[in-house]
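There are 2 protein chains.
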Amino acid sequence: MTATLGTTSTTKTPDLGPAVELVSKEEGHRQPLAPEFVSAEDFSPLEVAYDFGRVRREDIEAGPKNIWRYKKLLPVPSNVEEIPNTEPGATRLVQADRLAKALGVKKVWVKDDTGNPTHSFKDRVVAVALAAAREFGFDVLACPSTGNLANAVAAAAARAGWRSVVLIPKTLERAKILTTAVYDGDLIAVDGNYDDVNRLATQLAAEQESWAFVNVNVRPYYSEGSKTLAFEVAEQLGWRIPPQIVVPIASGSQLTKVDKGFREFGQLGLVDETPYKVFGAQATGCSPVSAAFRAGHDVVQPVKPDTIARSLAIGNPADGPYVLDVVNRTGGAIEDVTDEEVVEGIRLLARTEGIFTETAGGVTVATAKKLIETGKLNPDEEIVLLITGDGLKTLDAIEDKVGPKATVGASADAVREALGI
Amino acid sequence: MTATLGTTSTTKTPDLGPAVELVSKEEGHRQPLAPEFVSAEDFSPLEVAYDFGRVRREDIEAGPKNIWRYKKLLPVPSNVEEIPNTEPGATRLVQADRLAKALGVKKVWVKDDTGNPTHSFKDRVVAVALAAAREFGFDVLACPSTGNLANAVAAAAARAGWRSVVLIPKTLERAKILTTAVYDGDLIAVDGNYDDVNRLATQLAAEQESWAFVNVNVRPYYSEGSKTLAFEVAEQLGWRIPPQIVVPIASGSQLTKVDKGFREFGQLGLVDETPYKVFGAQATGCSPVSAAFRAGHDVVQPVKPDTIARSLAIGNPADGPYVLDVVNRTGGAIEDVTDEEVVEGIRLLARTEGIFTETAGGVTVATAKKLIETGKLNPDEEIVLLITGDGLKTLDAIEDKVGPKATVGASADAVREALGI
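So the sequence lines, in the order shown, correspond to chains A and B. In terms of UniProt numbering, the first sequence is residues 1 to 421. In terms of UniProt numbering, the second sequence is residues 1 to 421.
Okay, chain A solo, but in the shape it has when bound (with noise of 0.2 angstroms):
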């Protein structure tokens, strides 16, 4: 794979922190670090293998309020915090007891990563990516995407000097391009649909020796940057891992580092080793992952997408086995929900918590809803859920459904008319 060339062109050693090899999935294939995602012996996805030593409470109540507390337990040089990088994480953890009270539960926790830089949970991801890139001697980042990874990638790479190419589908929103071009990349317009553009990533990741395009070549190290979303749920919980934990699935990998996270904690003894469920959310325009769960399949039968919840339209979800062993393992479910529930979820959140997600929140919460109803989970126990992103950038999806409740002349009496009083 040529794309490993990257590690010669710099002659220092990466330096990635306790990571120590790359594992495949399938077989538990090892192999030294390098910017590969596939493994030659069994075709199964890379993951990072560690060597963590000894972390402490301590440590990283002691860190940066970012998620580069964690870097003790991340794919990174122990100096991190000083290399030029955006600061994600550290967002709010909201005790959300009207949305409780609306669902018919005791307890429920939103994870509100819309507090990112770019406002999703991709700013993680992308941070982490960065880092390891950099070991790697790489100096362009790059993706394709048609959304909130277009716009991380195209900041981290503003903080951090770098040049990046970000792809896209020539059809997306004028906002997303917006909030991409802005960052003054290279942002290439594909006369093409998502699936075009993937394709042109991967052969260019192979042949470009500085590119790190984060969701390809440097793949492994970019999806663990998900697990500081379990990280800060456990430690803002006090330390202890959550019962029950509803995460949307795009390509599914969020949801394995998640359970990742809170596996890895236990084993630290940071947190006691407490059972939990983790729980995915699809929408049903694309709900490969959930379709295999209700049918009892381990493997995942590839879909066209339809849905307005666009971040999570990953017809052919790489980690959709893994997640339904995870599912599986812990206990949980998968549901998925109409466009419409979704607009619901959003609106619901939004009217209960003041919190404002994109469609993919919408998803979490309307399936939590879905989830309640069937009795998959369980109302007495606590829940947390996962709002990865931001409503500002999916406006559309509420475009006719919310608005003022008058429109008025300018007159006390008009407005006081309007309101009843």
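These are calculated hints, taken from the structure and not from any lab test. You can trust all of the hints, since none of them are fake.
Between beta-carbon pairs, the in silico distance windows are: (1) K65/B - R174/A: 34 to 42 angstroms; (2) K65/B - I83/A: 21 to 29 angstroms; (3) S78/B - I83/A: 40 to 48 angstroms; (4) S78/B - D59/A: 31 to 39 angstroms.
No farther apart than 25 angstroms at their CA atoms in a straight line, the calculated lysine to any residue pairs in the SDA-like style are these: (5) K176/B - A414/A; (6) K170/B - E207/B; (7) K65/A - W239/B; (8) K304/B - D195/B; (9) K405/B - Q203/A; (10) K106/B - P64/A; (11) K260/B - A291/B; (12) K170/A - G409/B; (13) K304/A - I177/A.
No residue lacks a Cβ here, since even glycine has one placed at the ideal position from N, Cα and C.
Given the coordinates of chain A, assemble chain B onto it according to the supplied hints.
Then chain B, alone, in the frame of chain A:
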């Protein structure tokens, strides 16, 4: 003033923590804490006076990671963090080395307030207003607004389970209407301009006993929330006051409260009382305070705003004279920049630091640039820039300026050619 009747609708005595009285800004007349905003004695604005007692760094550091860590310096009850409200603050202070280099100065820090719940500093002031309003027995949160404040009020009321009443001019951009309406409060579009809406708000505030108009009848409490920007900057710098800070001017309240925050920290011994200079930033299309500063006046001549920086477009800024006092006392300066410079300021911050700000932030960056070029900001001393709002809310400002580098066919050759590789 009938709005004070709000206090009689509840039997409990308001617990506003360290706040003890209201004092008029002109002649220092004192009066009991109440939901009033203008002195009946000298008709000047009322401000909160405190008896702080002892406040130690350890107390603050042990507090929550949001503005409530400073509750002992705010007009809020001592258990404020237990009552449903938003949890704004604890936003990033970014060491902006690439921006500093572009500006030709030694060190720049960017206080990135886009990380707040509704992505502007207004969440800070609204959270304090809500906490105080609850103590006065109000149960409706209201405001006239053209954008950020509308979002913050509607979201905070939703989270608290209060009714919100938000008055906007009906010509407001659809995006700003949607991002307020989604929280499901009473949003009323008025057939008039912002002045009309503001007049209606003042009228309704005087007659509706249970309505707290955050920026009208509870304004003295509301405006104290801006102090938390100064508190956070000082704490994040390792408990010290920065020598230079640039603050955008709308009503002027924020700038005066940042100064108040630094002074309070100094008086309490939380930081050394080192000298600092406060600089003000306006858009030329609405620059009454800048014009007064340039002319050496101590009063401000109202103007009719005409600028893309709409969140700063207050033609008759209530705190204009006090802004001039602060700037003159600290040895700062005020400058204004054209709309073209505002857009260049937005783009400069985005491409150097990966932070996408709204037009008001563009005003701050561009003004800093001008103040450096004219020698008013010392390039050898640290400069803090307050970035108070999010670019996602003012996409129209950059719409015609940024876009893809190229649109190409779906082939690797086409991408390579477009990128010159």
